[in-house]
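2 protein chains.
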Amino acid sequence: MAPRYTKLVESLPSTVPFVGPETQERAKGSGFAARLGANENVFGPSPKAIAAMQDSVPDVWMYGDPESHDLKQALAAFHGIPPENIVVGAGIDGLLGYLCRMLVGEGTPVVTSLGAYPTFNFHVAGYGGALHTMPYVDDAEDPLALLDKANEVDAALIYFANPDNPMGTWHGAETVQDMIDNVVADTVLCLDEAYVEFAPSGTAPALDVENPNVIRMRTFSKGYGMAGARVGYAIGHVGLIDAFNKVRNHFEMNRASQAGALAALGDQQYLAQTLADVTDAKARIGKIVAQYGFTPIPSATNFVTIDCGHDGDYARSLAAALIARNIFVRMPFVAPQDRCIRVSAGRPQDIDLFEVALPLALEALK
Amino acid sequence: MAPRYTKLVESLPSTVPFVGPETQERAKGSGFAARLGANENVFGPSPKAIAAMQDSVPDVWMYGDPESHDLKQALAAFHGIPPENIVVGAGIDGLLGYLCRMLVGEGTPVVTSLGAYPTFNFHVAGYGGALHTMPYVDDAEDPLALLDKANEVDAALIYFANPDNPMGTWHGAETVQDMIDNVVADTVLCLDEAYVEFAPSGTAPALDVENPNVIRMRTFSKGYGMAGARVGYAIGHVGLIDAFNKVRNHFEMNRASQAGALAALGDQQYLAQTLADVTDAKARIGKIVAQYGFTPIPSATNFVTIDCGHDGDYARSLAAALIARNIFVRMPFVAPQDRCIRVSAGRPQDIDLFEVALPLALEALK
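Respectively, the protein sequence lines represent chains A and B.
If you count the first sequence from 1, position 261 lands on 281 in my numbering, and the numbers rise without skipping.
If you count the second sequence from 1, position 156 lands on 176 in my numbering, and the numbers rise without skipping.
Simulated from the structure, these hints should not be mistaken for laboratory data.
Treat the numbers as computed from the prediction; the structure is a model and nothing was measured.
All C-beta atoms in this analysis are idealised placements derived from N, C-alpha and C, irrespective of residue type, glycine included.
Each hint should be verified, as a subset may be incorrect.
[Said to hold, decoys possible] Quick list of the computed label-pair ranges, beta carbon to beta carbon:
1) A/231 with B/307: 47 to 53 Å
2) B/138 with A/31: 28 to 34 Å
3) B/153 with A/174: 54 to 60 Å
4) A/205 with B/104: 32 to 38 Å
5) A/228 with B/231: 43 to 49 Å
6) B/340 with A/79: 34 to 40 Å
[Stated by the list, open to error] If you want the footprint, here are the derived chain A segments under chain B, 3+ residues with CB under 8 Å:
7) 191–199
8) 203–215
9) 244–257
Please work from the sequences and hints to get the whole structure.
What follows is the structure, encoded as structure tokens:
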């Protein structure tokens, strides 16, 4: 007889937040020549992080430290906060899952932007939450509208990414601080700052671990180029951090990844070089697409979202044509943002391939 | 104002299934000389797995394949089952969490053995389940009693580890098959076979992926010596596997670990050598402890559970005295099994240290 699933799990659709590029490669029978679709950081980890991970590999017979003590100490020193205000997890994706588990039950109101991070929505649905969405305004998330909606529906949780994915747009620290100051009552604001290293200084408001209603998400996947190592962390009030510790899988961390993140954090010079390389790559992508009448949307991330000037069907066709030419790109899911395609900042050789493929893809569309 | 946690999370105690050895090292201000407490495989991964992970480290700028396609294909071929009957996750711990999420809601009856795997109990509590426990009989789990209790309380889930941890005892395939055949109605039997590679052949019943009520848990943490790489998998009916896919974090896998597990699986010769080394180590541990009148309990795992012949207080004191001498050991939590200490099979140099420390620890107890 079929197992007795919870009613909630029984009701969930079989869906995935993202189809992986490897799945697409298997489907089309050829590999991607340029992997620019998942906002991975093609410049990769610091050589010091690579060395730390490689050196640690023979030690993976040991479980990782369930407290991620050394990494938390280093992060605490880096951010100037106590380590008790940090929880380390296997990427922001996993931490978002825990956050939803902590706050979202069946019917719990949750607010996010329409077309924002699908993995967050996957977790909200997975815990039975009622997701309320507010549209982007001028291709940016709308802090006031999110707050208003949260008040209206009495949300337990608001998700706000700054800088935003998939659009790359951002708000300055003052606007975000206003948002933080106006979160009401027992609502939690989840501020996903996965891309914050790429943003202009002054984008992130000051950390305030005394605020019981804000959780800040950071990661080694983007700026530090370690997406496949799965290291993220959350910063918040000790009450929130304690709640994570009640539900998290304490032995989930890869031991080599812990060592790699520690080394990556210690190599800020490499991070600075990456940021410069990403800036160059974004400028070049912008110039390339402008030749075809497309508009690169200003970005505080490691990707460029490109307004193709037509509708979603056009952009979907263009993305498919690029994918068919072995250039992995993605695009926003929701109109009117789905008039865009999204290209991650690659190395010069990656952008070369994009530069060659784009006119061919456009030709094929005619 | 404090966040609006779910009632369930609000009610959870702040507890961890296990305190990590690193935490103990920090508390006592010195490192362990021999790490024999967490049933880690001190012999470590295959050199081929180490090389595969090290070679993969520069690629960790890419997310791991969310389908773990290549690893699933290899596991399917290895086990002679379709890949659709496998889900790969970041260790059995995480997969047990998903399983509980799928089947356990508030008050859902769940059955396990008294003193069995604390992490399973942590997950059951974390989803609000009502845990029913049956005592060990002759230091082994009691399949019939577990089945009877499951019938009595109408359990949605039974946890049964074969071989068992923390005792190291096991049942033969026929007994386990009887258990499988007698699971009633919509109850799911979770058969945790983390240690199965160490067990005599004939311990695991044949895989039957047509049975909708059995999920088999396997791992690269034990036999393959990759605990810190976090790779486990579950084998079951496609219905069960689909349910995992509805709730799991699809991008949780470390990319280097995926490559490492694939290489480890391909090096069965190294696994055979490890099994021989473990057998030797267990025999030597048995001989050492017998000199002091202790009884090594026959073990089908990579550890020896040692009956110290006194009560729990005595064994706790002995474990503490070994830990004070920088030998990391653990012990069962529940009487009468807590008359034992548990020592993982180490390398000769690890056992040398244990051999020296044991009489000193015993002397200190007097």
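So, going through the hints one by one against the coordinates:
At roughly 60 Å, the beta carbons of residue 231 of chain A and residue 307 of chain B sit outside the given window of 47 to 53 Å. Restraint check, residue 138 of chain B to residue 31 of chain A: a C-beta distance of roughly 31 Å satisfies the suggested window 28 to 34 Å. At about 40 Å, the CB distance of residue 153 of chain B to residue 174 of chain A disagrees with the hint of 54 to 60 Å. Take residue 205 of chain A and residue 104 of chain B: their Cβ atoms lie about 47 Å apart, and the range 32 to 38 Å is violated.
Taking the beta carbon of each, residue 228 of chain A and residue 231 of chain B are about 53 Å apart, not inside 43 to 49 Å as hinted. Checked against the hint of 34 to 40 Å, the C-beta distance between residue 340 of chain B and residue 79 of chain A comes to roughly 26 Å, which is inconsistent with it. Under the rule that three or more residues need a Cβ within less than 8 Å of chain B, the assignment of the segment 191–199 of chain A is violated, with 0 such residues. Restraint check on the segment 203–215 of chain A versus chain B: 4 residues with Cβ-Cβ distances below 8 Å, three needed, restraint holds.
A count of 6 residues in the segment 244–257 of chain A with a Cβ less than 8 Å from any Cβ of chain B is obtained; the coverage claim is therefore met, three being the minimum.
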